[in-house]
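Peer 1: Modelling step: build the complete structure from the supplied sequences, incorporating the hints.
Residue numbers (numbering that gives the first Met the number 0), protein chains in the order written: chain A, 0 to 527; chain B, 0 to 346.
One thing to keep in mind: the hints can contain errors.
Unchecked claim - Chain B regions said to be covered by chain A (calculated; three or more residues, Cβ under 8 Å):
no., region
1, 98 to 108
2, 193 to 206
3, 217 to 226
Stated by the list, open to error - Anything over 12 Å on all C-beta distances counts as not near chain A; from chain B, calculated:
no., residue
4, S6
5, A28
6, L118
7, S137
8, S169
9, W171
10, A210
11, I211
12, G212
13, N296
14, V323
15, A324
Claimed, not checked - With the Cβ distance kept under 7 Å, some of the chain A side facing chain B (calculated, not the full set):
no., residue
16, R96
17, Q111
18, S115
19, T117
20, G125
21, E127
22, V272
23, P273
Derived from the structure by calculation, the hints contain no laboratory data. Note that the structure is predicted; figures quoted are calculated from it, not measured. In this text, a Cβ means the ideal position worked out from N, Cα and C, and glycines have one as well.
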Amino acid sequence: MNAAPLAEQIGLRHQSAGNRRNMPYPVLEVRGVTKHFPGVVANRNIDLDLFPGEILAVLGENGAGKSTLMNIICGLHPPTSGSIRVGGRRLECRSPRDAIAAGIAMVHQHFQLVSSMTVLENIVLGAETTRRGILDPATDERGVDELCRRFGGQLDINPQAVIDDLPMAMRLRVEIVKALYRGARILILDEPTAVLTPQETGSLFQLLRGLRNQGTAIIFITHKLREVLDVADRIAVLRQGEVVGHTRPGATTEQAMATMMVGRAPSLTVPKVPGVPGPPMLQVDNLTVHRNDGTTAVDRISFEVHQGEILGLAGGQDNGQTELIGALTGLRPVSSGTVRLNGHDTTHASARRIGREGGTGHIPEDRHTHGMVEGFSVAQNLVLNLCNRPPFTRWGLLRLEAIRAHARRKAAAFDIRATSLEQPLGSLSAGNQQKLVVAREMRDGLPLLIASQPTRGVDVGSVEFIHHQIVQQRNAGQAVLLASYDLDEILALADRIAVMFKGRLIGLSPAAQVDRNRLGLLMAGIPA
Amino acid sequence: MAVVTQSTARFAAGLSLLLLAGAFLVEYAPFADIQPIRMLFGENVLNFALRAAVPLILGALGGILCERSGIVNIGIEGMMLAGAFAAFVAKNATNHWALGPSLLLGTCATLLTGAAMGLLHALFCLRFGMDQIISGASLILLSMGISATFFDENTVAVGKLAPWPVPLLSAWPVIGPLLFHKPPITYVALLAVAVVGFALAHTRWGLRTRAIGEHPRAADTAGVAVLRLQYLNTTLGGALAGLGGGYLVLEAVGQFQEGMIAGRGFIALAAVIFGNWHPVGALGASLLFGYAQAVHNELLLAQAPFLPRHFVSMIPYVVTVIAVAGLAGRVRAPGSLGQPYLRETEA
Ligand SMILES: Nc1ncnc2c1ncn2[C@@H]1O[C@H](COP(=O)(O)OP(=O)(O)OP(=O)(O)O)[C@@H](O)[C@H]1O
Ligand SMILES: [Mg+2]
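Peer 2: As structure tokens, this is what we get:
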């Protein structure tokens with residue numbers, strides 16, 4: 000399918016505007032969309048066109064209004080004013096159902112999968128085949144298989160797997176199949192690469208290019224500027240709810256895009272002086288940890304993190320990092336081996352003992368399950384693990400004034416954008432939620448920081464800031480264990496780097512001896 | 000989840016088989032005349048167990064429909080009471096009719112009233128954003144108030160549903176009289192378990208219902224009309240629970256008394272939980288609770304000298320408490336149970 004027949008197929012009206020004559024007509028037109036939330040204008044009079052067979056990257060700082068705009072397009076939120084046209088027809092979009100019928104599908108920033116159900120059930124939900132009123136999973140499965148085969152291996156999934164058991168990259172795949180299964184002509188991806196390793200991102204891009212070449216129009220949101228240059232055909236930039244510019248990959252640079260987004264020029268590299276490692280702070284010896292299903296996730300691992308050192312932990316998903324960090328922070332039982340924190344045995348210590356008394360900051364991989372309470376306010380979330388000690392409590396009562404002051408300080412320092420400190424955390428933009436968790440866990444004077452994907456979903460300016468903070472804390476003598484799927488992050492920050500592969504730790508060496516290539520090989524399990 | 004569901008289903012099947020096997024023993028084995036065995040497995044006690052279980056089964060199914068859609072229902076008791084009272088009023092108003100049409104009208108009244116209670120619950124929770132626990136409690140108070148106000152103790156309804164023996168099957172030994180020589184609502188309850196269980200697993204409605212109870216937002220973004228389905232299921236659930244109350248008037252007792260539901264709605268709720276929100280599991284739980292009630296009855300009748308009366312009276316409740324407490328942590332409620340779904344207040 001190329002663009003023109005697609006345009007006919009979906010009944011585009013003929014427009015005779017001179018210079019548009021030989022161009023395809025936009026398959027999606029956003030006109031004057033404004034969206035108010037209590038206390039904030041998330042989108043202000045937005046105009047945006049999307050053409051068949053193109054990948055449009057939408058950029059913007061945390062809270063710029065990207066997700067809000069996409070939620071409006073896919074029918075989840077009604078706009079305060081403005082309209083959306085699909086194939087020239089005004090979309091009276093009252094629910095996602097209407098948007099799906101118009102060929103719009105969206106992969107949400109926070110995946111929308113029912114975790115207790117199977118892959119197949121999730122894919123067909125809302126578009127099930129039935130025979131005499133009874134579900135026909137065999138036919139559905141054939142349909143899904145056929146769809147996946149058309150993409151030659153890039154979309155391989157196991158339809159019978161339960162979502163709960165799948166790593167993030169696989170869940171993303173399920174979301175994409177779900178979108179394609181509904182025959183999406185307009186595919187919206189809200190920060191899909193935040194949870195992917197570079198290899199996985201590469202294969203996602205291959206898939207997106209294939210779809211584009213078949214005429215699908217794609218909107219792609221990311222904070223990783225390198226990816227934008229790699230995959231986008233066109234770029235639109237949002238700032239504070241407004242479209243502030245358009246550009247093309249050939250005509251711009253990472254620096255220029257960052258400037259457009261933020262309105263100033265952030266530095267994209269972290270100045271880093273070599274650290275002065277002290278005595279070991281975290282000592283892990285022969286540690287073995289099991290997954291919930293009993294398989295071995297972490298297999299007899301030993302390493303140390305010293306004071307004043309950042310140990311980078313790279314590796315593809317589902318190689319045991321999550322379980323390792325779970326065990327180190329007391330969230331998951333240790334099967335054998337020992338963990339020593341500052342000389343004390345904390346192998347079987349509770350999360351509370353490790354976190355509060357041991358003084359470990361923990362930025363969890365999945366903030367939704369371990370890092371925040373959505374319905375609590377910004378201020379409350381900032382003292383979740385501090386609220387039972389001075390200065391936030393006295394005589395067993397919370398001291399609201401101290402809590403508010405603390406929140407004001409943290410929000411200013413970490414640039415957490417909220418309309419008020421009493422706003423429920425769930426209504427902040429994704430990146431701002433992440434910044435809040437980081438702000439809470441990065442406290443001065445803690446001996447150890449365990450950070451997993453600390454800059455997940457965070458915009459370039461804030462990445463820069465968080466990286467600076469991590470380096471500063473290291474310089475002040477903190478030991479840092481940094482796990483990330485983002486190789487650039489590891490390479491930029493770590494003093495020593497190790498790779499987790501199938502539960503083993505391989506290639507532990509000083510950062511100076513490691514480059515992207517070698518890391519890539521190690522992550523594929525090839526020791527250099 | 001799957002594992003626990005299976006284990007509750009296994010429990011239901013195991014308990015039923017055990018009771019039937021006991022019944023055969025009593026019928027055929029040489030030691031059938033031993034008093035305790037007859038007391039535990041005789042036709043009397045088993046018939047009573049099923050009679051006691053039917054309202055629990057229907058109430059629990061009503062609860063399941065509602066809660067699998069994500070809406071807490073502690074108001075089963077109220078729905079049952081409303082159903083019972085409506086059955087009585089309709090039956091009583093048509094005492095002069097032939098018995099059949101009068102009972103049919105009673106059944107319709109009980110279904111419709113139950114449905115109305117379900118719809119009211121949905122409106123309170125979904126439209127007016129009332130807390131789901133409070134809404135449930137208000138249903139109980141509402142039906143208690145209405146039935147107490149309008150119930151006239153001097154009126155007497157005439158007649159009740161008689162057994163409809165199933166041809167051929169009812170002639171089977173032991174099983175026939177136990178299962179196939181029953182009044183119609185008993186059949187309806189047992190069939191409803193199968194139908195709801197099958198539909199939840201194998202129909203479009205079931206898949207979507209499971210999805211909205213677990214993660215309504217995911218279902219919404221996949222194009223499922225979440226609210227509509229919640230209204231539908233809560234209303235259907237109300238009708239089933241109402242029938243559970245109507246059963247007491249139309250089939251078991253033939254009369255209405257104030258406070259006649261006597262906590263059965265709450266025991267049905269316990270059955271929902273014990274059955275892990277699955278119809279077959281709830282059937283097993285209802286049978287267990289019904290059986291405990293029946294054994295308690297037999298012991299009281301027999302005036303067993305070895306057990307003080309008050310301890311005997313505790314049996315059904317102790318069984319309920321042990322059953323539900325013993326399962327704590329092993330059952331899993333629908334993921335979004337009790338959290339109203341609003342499109343806009345999440346990031
Ligand atoms: N449900 C809501 N209630 C109130 N305010 C909201 C809600 N959702 C979003 N907002 C506000 O709207 C603004 C835009 O948020 P949005 O999620 O669209 O940002 P974003 O560009 O996607 O950011 P990020 O890169 O962090 O994902 C933010 O100020 C946010 O606080
Ligand atoms: Mg967003």
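Peer 1: Find the hints from earlier in the document that the structure breaks and name them by number, from lowest to highest.
Peer 2: Hints 1, 10, 11, 12, 19, 22, 23 not satisfied by this model.
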